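Colleague: For reference, the chains in residue letters:
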Amino acid sequence: MRNAFCSAMQTLAETVDYAFLTGDLGFMALEPLQQALGDRFVNAGVAEQNMVTVAAGMARTGFQCWAYSIAPFIYARPFEQVRNDVCFHDADVKLVGNGGGYGYGVMGPTHHALEDYGVLLTLPGLRVHIPIFASDLAEIVPRMAADRHPAYLRLGRCERPPGYVPPAYAPWRRLLDGERGVLVIAGPLAGPVVARALETPATARPAIWGLSELSAGGLAPPAELLQEIARHDALVVAEEHCAHGGVGQMLALELGVRGGLPRRFQACAARGYPTGLYGSQAYHRAASGLDPASVLDAVNALMDRKAT
Amino acid sequence: MPNANSAVASPQDAARDLPRLAQRARARLLAMHFKAGVGHIGGNLSALDALLCLHHAALGADDAFILSKGHAAGALYASLWSCGQLTDAQLDTFHADGTRLAAHPAGGWHEAIPFSTGSLGHGLGLASGLAFGRRLRRQPGRVHCLMSDGECEEGSVWEALMFAGHHRLSNLTVMVDRNGLQGFGATGEVASLEPIPDKLVGFGFDVEEVDGHDFGAMTAAFSRSSDRPRMILLRTVKGRGVSFMEGRMEWHYLPLSPEQFALALAEVEAR
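Line by line, the protein sequences give chains A and B.
In this note's numbering, each residue carries its 1-based index in the first sequence increased by 6.
In this note's numbering, each residue carries its 1-based index in the second sequence increased by 5.
There's no promise every hint is true.
[As the list claims (entries may be wrong)] Distance windows between CB atoms, simulated: (1) Ala226/A to Ala107/B: 32 to 40 angstroms; (2) Arg105/B to Ser300/A: 35 to 43 angstroms; (3) Val206/B to Gly51/A: 16 to 24 angstroms; (4) Glu214/B to Glu260/A: 54 to 62 angstroms; (5) Ser231/B to Gly68/A: 24 to 32 angstroms; (6) Arg105/B to Ser13/A: 43 to 51 angstroms; (7) Gln144/B to Gly51/A: 43 to 51 angstroms; (8) Arg105/B to Thr21/A: 33 to 41 angstroms; (9) Glu260/A to Gly190/B: 46 to 54 angstroms.
[Unchecked claim] Stretches of chain B that chain A covers, calculated by requiring three or more beta carbons in the stretch to come under 8 angstroms of a beta carbon on chain A: (10) 56-67; (11) 107-120; (12) 241-249.
[As the list claims (entries may be wrong)] One-sided and incomplete, this derived list gives chain A residues near chain B with beta-carbon spacing under 8 angstroms: (13) Ala53; (14) Met64; (15) His117; (16) Asn306.
If you're looking for bench data, these hints aren't it; they were derived computationally from the structure.
Being a predicted model, the structure only gives us computed values, none of them experimental.
Just so you know, even glycine gets a beta-carbon here, dropped at the ideal spot from N, CA and C.
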């Protein structure tokens, strides 16, 4: 998604007066943006704490500031800077983390981001954006820019199934029709699951909804989704993020408060490193039961269970 | 801007008035802390003269100031009070429920308090961002930032120093209140900063050392500019102005008893 992000940022530069800071990353991806922005493209060096604080200071001079790094280095390393300098001041700073979840694969656990949005959503006023497909960036970037408050963009790898045409971007999207239950997936994890589900007739697969925008103020599930959950009295949520603070918990709370929590509920989430071994993103997804087959099996198992 | 007097008085004239203003502000600061029953007095008294000098003689209409050593909020409030930016009634709410005057500055409600600070190691990065953004926008004015010496143990300070030095932020002036004492020991015992001037020169700063209680020297130092970021190392005394507090670490924490308050006030007023 980095190239699509770079392209969307170049388009944004035509209308928005922004500055871009990178923590010494972007080789073979951000060069066109560097060229387009000139002195408003700043390599802040391997110093993420300072990069985030500088962005908050620059925002006071009227620049919207986008700060970019590998996902864990933009939220975990400088967490206090995000909290104190960006969020306490409601600074117009956008944090961009590449490789959300297990995105950096065999690079190891220091490079993974399994709790990023759960942690960040504890902060006042910050919204989270998780594109599912690379093409979403052209919609998400201007959407983030127009909202002059703190935000986090979690980039991943686009896994759009061959031949599949995604519906137009929306924070909630019905990605695939299906009649056997409801499956909500956050971010690009939806791609391979949709690909697998396409191999199954609609009568034997769940309806798959993609979620791309999170706010502590509520996930605002659409009425159509709520009706579908109520009809099946069942819901499975899958995300490449730990269960605590994740979409599964958020949605369960929201449904519970509305009085619409289904009697059958399953959260599929990142479990860390259960094998004690390391590998590709696909390896880690499978170890957490987040590979497409396991996620769809979880839906089937839930639907086989009688609601009690 | 904070210095209401600067429009009519030259920095030199303002500096001449500073000893008298400092006596009043010091007494007000002690009264504030006594009324609130709180400590942190030592580091407030070491920083107060520099803050007064900034607000009365150095900061211009286009300048900005960030107090990075947020635990000197009392000195900031007393200094702003001395130039008419805060009222007695506001100071009376210091530390009380429902106050805007928290023990560390909460930003966003007063023009002269642009950022919330208190966690150490943030102010210099904020000041650098502000200075960098202003330079990109070709805006006038300097950005000033006051840090503590213990604060320089934070890694983020050195990230910010590297950024400011690398980008030659000539519109940035940083001051360090070198009172030599920190939370649980002398700075030299905990993590020696020496040779701090050499280190800062190495990071690309134009470094100057002055007496942080000499108004004339500070006024001159604060008004100088350079083609590089300025760093002014202020030699100060923790607890300055109250003999039983001077150079004593415990006044980082202790509140004043009624007897100590009376004694301290008498000393300040006798100067």
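Colleague: Residue count check for the stretch 56-67 of chain B against chain A: does it reach three with CB-CB under 8 angstroms?
Modeller: violated (count 0)
Colleague: Quick one: are Glu260/A and Gly190/B within 46 to 54 angstroms, going by C-beta?
Modeller: holds (50 angstroms)
Colleague: Is the gap between the beta carbons of Arg105/B and Ser13/A within 43 to 51 angstroms?
Modeller: At 45 angstroms between Cβs, range holds.
Colleague: Starting from the hint 24 to 32 angstroms, judge whether the C-beta atoms of Ser231/B and Gly68/A obey it.
Modeller: holds (26 angstroms)
Colleague: Can you confirm whether chain A covers the stretch 241-249 of chain B, using C-beta to C-beta distances below 8 angstroms and requiring at least three such residues?
Modeller: n = 0 at 8 angstroms, threshold three: violated.
Colleague: Lying within 35 to 43 angstroms: is that true of the beta-carbon distance Arg105/B to Ser300/A?
Modeller: violated (54 angstroms)
Colleague: Under 8 angstroms, Cβ to Cβ, is where His117/A needs to be relative to chain B, so tell me if that hint holds or is violated.
Modeller: It is violated, given that the least Cβ distance between His117/A and chain B is near 21 angstroms, above 8 angstroms.
Colleague: Please verify that hint: Met64/A, Cβ, nearest Cβ of chain B, below 8 angstroms or not.
Modeller: holds (4 angstroms)
Colleague: Holds or violated: is the Cβ of Ala53/A closer than 8 angstroms to a Cβ in chain B?
Modeller: Holds, because the Cβ-Cβ distance from Ala53/A to chain B comes to roughly 4 angstroms (cut-off 8 angstroms).
Colleague: Have a go at the Asn306/A hint: is there a Cβ in chain B nearer than 8 angstroms to its own Cβ?
Modeller: violated (50 angstroms)
Colleague: Using the beta carbons of Gln144/B and Gly51/A, state whether their distance is inside 43 to 51 angstroms or not.
Modeller: violated (24 angstroms)
Colleague: Do three or more residues from the stretch 107-120 of chain B put their C-beta atoms closer than 8 angstroms to C-beta atoms of chain A?
Modeller: Since 4 is at least three, the answer is holds.
The earlier numbered hints that this structure contradicts are 2, 7, 10, 12, 15 and 16.
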